[in-house]
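> Each chain sits in its own coordinate frame; assemble them with the hints.
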Amino acid sequence: MNITAIKADNGVNVEALLGARAALTATPEAARFAWRATCEWVRGTHSRTTVQNFYGLGAEQTRPQAFRYDADHPELFAAEDNGATPVEYVLVALASCLTAGIASVAQNRNIQLRSVKATLEAGMDMQGILGIDSEVRNGFDGIRVTFAIDADATREEIAALVAQSQRRSAVFDIVTNPTNVAVEVA
Amino acid sequence: MAGVSRIGPAAGTVDAVVVGAGHSGLAMSHALAAHGVDHVVLERGEIANAWRHERWDSLRLLTPNWQTRLPGYRYTGGDPDGYMTATEVADFVAGYARHVSAPVRTGTAVTSLAAEGGGYVVQTERSVWRCRAAVLASGAHGVPVVPEIGAHLPATVRTLTANEYRNPSQLDSGRVLVVGASATGLQLADELCRSGRPVTIAVGEHIRMPRLYRGRDIQWWLEATGILDERYDEVDDIVRARRVPSPQLVGSPDRRTLDLNALLEQGVEVVGRLVGIDGTLLKFSGSLANHCAMADLKLNRLLDRIDGWCARLRVDDTVAAPERFAPTRVPAPPRLTLDVAKHRVATIIWATGLRPDFSWLKAPVLDHKGRLRHDGGVAAPGLYALGLNFMRRRRSSYIHGAEDDVRELAAELLRHLRGTTREAATA
Chain G
1 MNITAIKADN GVNVEALLGA RAALTATPEA ARFAWRATCE WVRGTHSRTT
51 VQNFYGLGAE QTRPQAFRYD ADHPELFAAE DNGATPVEYV LVALASCLTA
101 GIASVAQNRN IQLRSVKATL EAGMDMQGIL GIDSEVRNGF DGIRVTFAID
151 ADATREEIAA LVAQSQRRSA VFDIVTNPTN VAVEVA
Chain F
1 MAGVSRIGPA AGTVDAVVVG AGHSGLAMSH ALAAHGVDHV VLERGEIANA
51 WRHERWDSLR LLTPNWQTRL PGYRYTGGDP DGYMTATEVA DFVAGYARHV
101 SAPVRTGTAV TSLAAEGGGY VVQTERSVWR CRAAVLASGA HGVPVVPEIG
151 AHLPATVRTL TANEYRNPSQ LDSGRVLVVG ASATGLQLAD ELCRSGRPVT
201 IAVGEHIRMP RLYRGRDIQW WLEATGILDE RYDEVDDIVR ARRVPSPQLV
251 GSPDRRTLDL NALLEQGVEV VGRLVGIDGT LLKFSGSLAN HCAMADLKLN
301 RLLDRIDGWC ARLRVDDTVA APERFAPTRV PAPPRLTLDV AKHRVATIIW
351 ATGLRPDFSW LKAPVLDHKG RLRHDGGVAA PGLYALGLNF MRRRRSSYIH
401 GAEDDVRELA AELLRHLRGT TREAATA
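Sequence lines, in order, name chains G and F.
Using the working numbering, you'd call the opening residue of the first sequence number 1 and step up by one each time.
Using the working numbering, you'd call the opening residue of the second sequence number 1 and step up by one each time.
The shape of chain F in the complex, shown without the other chains (with noise of 0.2 Å):
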């Protein structure tokens, strides 16, 4: 490792090529180092681009301070139970990428990745690589995902994604429409109504919680009901929950719960998911009634579970007492149509959802909707990938989900390098 340089085109051969120097690229550096692996991580700008640069100006981290933590390094100022900024999460992985000492080439995208002879060729705007194995950890969010009816609304619509909002002044004065009520979708539109604008939020299938439950984090249960360590490979259907939103939080100071209640209590509008367009009509689903029964069963079922643990446990007398939350206040009815000249819709901000951008990657690994196919993080003999939603477990999309499937993949990844040699992948 002394050999690489953090600048210049030098490029060669190495071991292993770790794409991508967020958390979880950083997090397997550290581990194939402390293995003796000769490694490179690439990045395509600085150390943790996406916290840095594409995240809007307010967004906190869903989880407590106490629970952001890396391999051998974690959070250690005076708020634990408060939540990072997106500018302290990447000044936090930052730190991390210089506690570890990573061999980072930042500026340096990956143009491609192929297989080549047993082993992989990543290219680069300047330089080719040739590596034995990789490590796909160029994060889970990469490109929004915009609904087809995107193409079809009027010029008069200004049309955001989540990734290129910021802040309210961006936008002009009119109302705006979220679509979509995963974390981002329910704080944008907290957020765009407190700034005085009329808002609408179409909503789909969404998982609602409390931030804090029985006087602790919603997150310190999850972890401590072992919920966060179910594995990929002993829920019911994979591709479901992999596919299901962030549930509703927002990391704020005052660690407020921010649900659909919540925001009709401010007046936003709350109507179902955007499904078509006609001219300047935008047409809504007429299930959200159900969309929000089965979030409401679904927050209540995660409740009697951390009750039950409690009573089994019995931890019941040092926590506060078990509480249930009102039913979600759907509008009745719900609006089914809104004319976006008649009611002066000015923005529309797509909180759709974010996915991996994969764009780069040659290898036969992708299925026919260009997702990464993969076991567990294994998509082919020497190429893992990290940090995807739900990839070994359910934490394995948050920071601290980063730790146990490093270690698991940083094994397969040794195994696979012993049953190699770089003479054999490079010839």
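Isolated chain G (complex conformation) (with noise of 0.2 Å):
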């Protein structure tokens, strides 16, 4: 329904990801990206991981700041609870990636978001880490996401946005499909 020009802002830039998306199904040898990160033990429990760099559209991309991350698990586990555990930032990713997700699509459909908020649990059982019953997996029984949106859109509206974040996320097909991961010893 095009009876409005208003215009929502939600700070994404779509006519860049458009731009992207057309210029890279031209180039697809340019859509092949590398996502890195070095991981550095520090004591116990704790690790600090640093992410920077990148290689995308054909070259090395650069930023000019690293970001790092505290890794490590809580008192009860006997550690010094210097940042949070691997798992939570497993739950940091897949949140932040649907929010970004929620924030273009809107953009896209000319819907204006006032508060996007995320909750996130998930379930684990511990007899799997700890080696109790091999029948129970190491990882997450399950991860429920709940969203809560202010936005000048139908419930439906709101519903297909959620919908459309997960069909694109990157992050929601790494948890939900499987990933061949190779661990060497350099």
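Among the hints, erroneous ones may be present.
Claimed, not checked - Derived lysine-lysine pairs resembling DSSO-like cross-links, with alpha carbons at most 30 Å apart:
1) G:Lys7 <-> G:Lys117
2) G:Lys7 <-> F:Lys298
3) F:Lys283 <-> F:Lys298
4) F:Lys298 <-> G:Lys117
5) F:Lys283 <-> F:Lys362
6) F:Lys342 <-> F:Lys283
As the list claims (entries may be wrong) - These stretches of chain G come out as covered by chain F in the derived footprint (C-beta under 8 Å, 3 or more residues):
7) 108-120
8) 160-171
None of these hints come from the bench; they were simulated from the model.
Think of the CB as a built atom: it goes at the ideal place given N, C-alpha and C, for glycine as much as any other residue.
If you want it as structure tokens, here you go:
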């Protein structure tokens, strides 16, 4: 319905994204990206991961600034609690990916967002990682994401935003589908 | 055309060659004949070959009989609301070929089509045809698409593509995994479950539709509201629109709705998209809930559109009241893995789609994934396609979609012929 000329502004440059999509359709090799992280053990279960550079558009890409993430375990696990647990970082990744997707899709559909809040909960049976029961998996037994969204849109339009953001989400794909992981010793 | 016989190796130069004597190739032949274009229709097998030989026994059209029409020809039987069986479709198309006296050469498989000297050279096993224009009407559903995972299955599992499947008696009595949730996947899961076999269906993106809405066939609504007439150059993302699987419909005498809820009711197990295999362990995506939510939302948008149309045209009183259907009952939680050995999976059926077979097309009109590049069916000057998914409009791949597409592309083809000469093309 193009009855309004009002343009939503969620701070997403949709024109640039659509331009990139068109450019990468024409040059599939430039669409091959590689994401990187380096992680150093600090002490105990505390580690520090740094992300800065990545590969894309056929070249090394550098950022001016490195981002650092401390990971550890809570005191309940006899650790020093210097940062979120690794599994919580999975929730961070999923939530931020879906949220970025919602903002982008909303912009593309000219829906003004006022607030988007995701609440995540993932269940885990510790009998898995502690090796108590081999039938229990190490990872989550499920993830529940609940979005509270205030936007100029109907309930159905908001549901469609959330659905489309899952459909286009890298992290949603990574957690819902198998991925080959090769771990080597250098 | 009088000089074209139905048998023999005679070949030569014509204005146009039509590849494929299915409904769309024959409709094009009819249009070309009406304009006096000298042409021939080359058919690998017999008329309507795929309907005759490459479909399962219980298949019926997804469209009702009243909608089964071709230019100058339509269903005239006593059951306008019914759905033709595959054999009835083949008979209908063969009747059309006789009705329009199409110059068809059956048993003539095209082995290559290449551009040459401003025209085209069409090679068959026994003959060579030169022409100024060619029409690719060999069908949108030539070869099955099988996921790469298929190459890694244990030898104990038998696999069948949807065009190899005929009926349940072909199968062992063990569990069947149907991969894909288009009309094909749902129909086969339904039939195999009714045959007493345990059935699992792997579901990715799908289109949910009721058979009847407000008392009328859903196809009636799609036609009346103009949805089937939406053009390829009007939709937001035509690449995506062309990939949309067929709607979950079945043409059954009782006009029932076949959706995932109906399958769940029968005891079919519903799982996410098949995404991996590790030894004997099949892995399914955790995205089933989202795929079902998307299909439910899309269904409701369609019903809203229909209701809006009724309100605008003030016909609410002439049809049944609006209704909304129960959301898909996604199992909680859906199964993520299935061990083919432990759960005795005997058969996997790939209902993962069919794509056109253009392996014989030597003209530079295919993209890096082997798909035909075309603008509303125009692949190159003098080279046209028919019957592809959403080729010119949403109805392009349906039998009743041939009429408009053929009229417009025949006009294109005539313009092209007027701009070239036979001598230039065949020099």
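> With reference to the structure, classify each hint as holding or not holding.
Outcome of the hint check:
{"no.": "1", "hint": "G:Lys7 <-> G:Lys117", "in the structure": "holds, 23 Å"}
{"no.": "2", "hint": "G:Lys7 <-> F:Lys298", "in the structure": "holds, 25 Å"}
{"no.": "3", "hint": "F:Lys283 <-> F:Lys298", "in the structure": "holds, 27 Å"}
{"no.": "4", "hint": "F:Lys298 <-> G:Lys117", "in the structure": "holds, 24 Å"}
{"no.": "5", "hint": "F:Lys283 <-> F:Lys362", "in the structure": "violated, 39 Å"}
{"no.": "6", "hint": "F:Lys342 <-> F:Lys283", "in the structure": "holds, 14 Å"}
{"no.": "7", "hint": "108-120", "in the structure": "violated (count 0)"}
{"no.": "8", "hint": "160-171", "in the structure": "holds (count 5)"}
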